[in-house]
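**Q** Here is how the chains run, residue by residue.
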Amino acid sequence: MSRSPVVSRYLLSVLLLVLAYLVSGRLGLMLATPPDYATAVFPAAGIALGVLLVGGWRLWPGVWLGAMLLQSMALPETGQPHAWGVAAMIATGSTLQALAGQWLIRRFSGYPQPLQRGWQILLMLLLGGPVSCLVSSSTGVAVLGWMGVLPDDALTWNWLTWWAGDSLGVLTFMPLVLCVAGQPAEEWRRRRWTVGLPVLASFCLAVAVFLWVDGAERQRIAQEFQTEAAAYAQALRAEVSQTIDITEALASHGGAAGSVGRSDFTRMYQRNMRSLDSIQALAWVPRVPADQRAAFERAARAEGLASHDPRVVAAMRDYAIRVSPGGAAAGAQEDGEHYPYLFLEPLASYPDALGLDLAASSERRDAVLAARDRGQTMMSPPISFRVGDGKSKGVLIVSPVYRGDIVPASLAGRRRELAGVIVSVLRIDRVVSNALPSLQVRGVGLEILDEAGTMPLHSFFSAQPPAPVTGELRNVVGRPRAEHRFDLGGRAWRLHFEASAQYVLTRQGPVPMLVLLAGMLITALVGGVMLFVSGRMFRTEALAGELVLSGAEISRQAIELSEEVEQRSKTEEALRRSETQLRLLTDSIPALIAYLDCDLRYRFINATYERWCGIPQAQILGMSLEELRGEGFARLRPFVDRVLAGERVMFNTRFHDHSRGIDVDVEASYVPHRQVDGQVVGFFAMGVDTTDRLRAQINQQLAMIVESSSDAIIGIDADGLITAWNPAAERLYRYSASEAVGQPLGMLMSEARRKAFETSMAAIRARQRVEQSEAQHRRSDGQPVEVALSMSPIVDESGKVAGAALVIRDIAEQKRAQALLVQAILAAPYATLMTDEQGKVQLANREAERLFGYGRDDFVGMQVEELVPEAHRSAHAELRGGYAQSPRGRAMVGRELKARHRDGTEIPVEIGLSPIDRPEGRVFVAALIDTTTRRLAEQALAERSAALERVNAELARSNRDLDDFAYVASHDLKAPLRAVDNLSSWIEKDAAGVLPEKSQRHLQLLRSRVRRMDRLLDDLLQYARAGQPEGAAEEVDLRELVRELRDLLGPPPGFRLDVVGELPTLRAYRAPLQVVLLNLVSNAFKHHDREQGCVEISVRDQGSHIEVDVCDDGPGVAPEHHERIFGMFQTLRPRDEVEGSGMGLAIVKRTVESHGGSVGVESWSGRGACFRFTWRKLTPSRAEGG
Amino acid sequence: MHASRRPALHLLLVEDDEVDREAVERAVEEAAQSGLQDGFGCRIHHARDGDEALALLRGGMQASLPHPCLILLDMKLPRMGGLAFLASLRADPALADSVVFVLTTSEKPEDRAGAYRSHVAGYISKRRVSEAPGALAGLLLAYWRLVDLP
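Chains as they are written, first to last, in our numbering: chain A, 1 to 1186; chain B, 1187 to 1336.
I should point out that these hints are in silico values taken from the structure, not numbers from a laboratory. Keep in mind it's a predicted model, so treat the numbers as computed, not measured. This list has only true hints and no planted wrong ones.
In the DSS-like style, the derived pairs of lysine-lysine whose C-alpha atoms are separated by at most 30 Å in a straight line are:
1) A:Lys1086 with B:Lys1294
2) A:Lys755 with A:Lys800
3) B:Lys1262 with B:Lys1294
4) B:Lys1262 with A:Lys989
5) A:Lys815 with A:Lys840
6) A:Lys755 with A:Lys815
Okay, chain A solo, but in the shape it has when bound (with noise of 0.2 Å):
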């Protein structure tokens, strides 16, 4: 499976190598040198042993191919019979070619590598050029010249041309493949630039300066064929004259018919003709009239012919006038007159010619008599006659001979004083080798034609020779050719002569070819100076580079050299400074501090140090520890081996401070020093003398505990007489310090808390600690203050209780709060219950009784979790601890949360609990809401509002039914109600003259009543369609409004639309309200009762909508129809008297009631009527938003 991708990568490869062959391959050939079948420079060579040092030996199959399809292509054209063979034996010539010079490289060269040194490079070219190219020019050459195709003698130099192009392919081509694809691919992409370029360039050049100069070779051959053609032309036609002037001569010596015998003929012609080779025959015609036929053969008989030649003598015999040679006699001329021959010279090659009727072959015919009308010599179209045993081609010449030897002046004499036609029949490749005797030779081909005869008279090419595709290139310039004409006998010839690739050869130079060799050459030499030089190019940038980095090492190493000595000098520097200052810092201090190497040696030691042991720091620094501490060292032992394993140590020990003469209890401690591995090198040790330190400090601490404590602190002796009085006693007791030290304790407390006081201070003597306990004090104003107080015996050096420290607090304010929790637990209209922080009841109040059904005793001390459902109590009791851990007030709403009646039933409540914290604990209060009956309630409203919904999705659907079907019914019904106009009107023309008056009448009454049920549809319609939005709300001007109504009702003559006041501009759907407006003008026109009137609108602004009036002073309408009027179909009126539907109020109240409005009517008795609604003014942002 893995395999395909590679396999046809492979063929991809191989497919494209065998495309490149061919191209190049062509390439070159079309530069081979004719009749050479080696190529000067064949780049193929080159690409196929670069494409196989590239991709790999493996690619060989596409060189074979790319051959084989070359060859095959050439070689047919040379005729040869076993060309694919012949093919094949050159393609693996190649192929051997390329597979070898592609492993010389690789074993002897290298590769693939970079090239860049100069042997490398040398003996790449030299290996897969020069030394590789013997394979494939040895075994080509080799098997032309086995095959006949190559001649012996061309062996040599096709060798050496084949060896000599595959070279230079390869020296040019292969550098160029591999700067395309070689590896390693960086340099070789860079010599693109380098090599590839400038091979490129080079060979483009050659090739074009070679294709120049050939050009220009070509030129100078062409022009020396056209001289030598037009010489060509001469010469042909001088022969073809001075064959005609005999003949003309001939006839003209002949004089008279009759005049010249046989014998005489006979000599003449052997005397001028003989030795023209070119004329084949001569003949005397005579002109035989019909009438004279058989006198002139009896005559011809008569004479008979003595001759040796028998088939002359029985000619001569049986003359006859013939049809053809030995056949039928003639049978009459059109014009009565035959033309046989008589004489004929040399009669022993044609002795059946004689008596041959020339009338009786067109051509010859029309040849005699143009002669005998022009009285000249004419020459025939081209003819084919018999020579020996084969066939030739020619002319006839035609010669008039007149009796008298004159030629007459008129036609009419000229044809009738011809006596015959001397003819001669010349042969034209005669004439053409005598006049043209080295035309084969110098590889001219000859071609004649007679303009007005249809076939070619003489037609010659100099045999080709073999010629491949070799030359093609300049084939295609084409072969030298020239055209001459000439009239000659009446006639007019053409010649054409074209050189053939012979006569190029011969006549071209070497120049081109010198020329391509040395460009190729040239392009050669650039590819491996090129590659030569960027070979060097880049070992010297490899070395260059090796320079850079090793320049750069040491400098790195002489920079880091340079930071270390700086280093080291900078840390030297802090070191002394350090040491200063450590001296100065420590020397201040009243504390022991040393510092020690690791083996133990004093490096340092500071003023307190040096006094303490009594001996010079000086001598001091440089001893070990053992022989400072002698046996003291013993103990420091362990501890020096904690801080040398890198502990730090503290300890309790003795010093001897020798100063003042005692042994000191010093609280030391060894610090580990470390370097920055971490190794540790010495340690410090300190030493603090903790004897005053301590004591010191405690009173200081204790003082600053006792002054800022925000609690009472007491001291009280033994006797219970105060002692101390810290400052929040003061505050508690109104007592200043002074006033109460020294005064007995008693003084704060009644007489009977004395008593129990005294029970305390007999604990404290027996050294026990009072709790907390709580009491009532006095102020020293007398008012009571309420206290919780803690007393702890003081216990002296001795062991004796020396008295006792009470800690007391005011706790009334706690009191109070603590009432007021309680009250308000009580009060709430919550169940509420306080707990303890583990969960006991402490408090539970009336509606927490009434929601669990416990007493308020039951519920003290009882634990929480009773209350909770027995499914979650043991989750509650865990949730209570967290809780307990991070308490925070919050509520409990929403959860399934029950609460556990007494009787075992389970209540929704929601929960609220707070920790409150309070001196003798936390507690919890937990207030609880029984939302069973606002679930109930939450139930029943969303269970409404959801049958409200449906209800009103039922009412919309309805309304949208209702509309339609109001739509589709009077859509549809309006249709046949047209028909029946429409028929009705039909009959009414169609019938006009044939219908009584009263039929008449009846269909328009059928008419009018159809145009009613139509309106009336269109208004239900409307009616139906009322309340739909249409458009957009938009800024509506009233008075423009009026204006329009005015145009489309165009109110009747003596009627008035007034407007009352200003109109104002609001922000509505215009269409409805025109609707309206429209339907309550139209109405009140329509049922006016008089022939004047007057409809008045006003306009009131009423904030958030607008008032219309629209007044009347018509009829008026009676109270009890003021409901009905705005019905559907309801009208006050016969139909026939007002035409209308009875729906303008109804649209009006539905289309006014949609948008948000009223309408209603107010009439006064007698006259007028006043529709009065109210069109709601839409705020820009509501009208877009909805």
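Put chain B on the given structure of chain A with help from the hints.
**A** Frame of chain A, contents of chain B only:
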């Protein structure tokens, strides 16, 4: 001025209502008889619905119905209705350039808008036509006279 004669007007009437067909025929006939339409000839072809009209146009009777003809189309038709017919007509490259007048009872805005979107030459309400029967013939004949058809 001498008006050059035009070939006879071929009218394809797509209409299922016999009375409406006759109405158009009568109107054209009357117009021709009135003598106002000098040298005018008109041939009316019928189709009862969209399918039939398409068949006719696509060559059922090509000889008698030359291509540049005026089509008078009703909207409400059995089988293939007016809008569907227009859609098929415009989709057919050979017929897409047909000139169509809609002649219908339908005054539905959707029908009107749909027809004009399918490039009809005019949307004519039958109601208007029955009010003035001569006007339609006048319009068609004048249209035929003045307008160069594709």
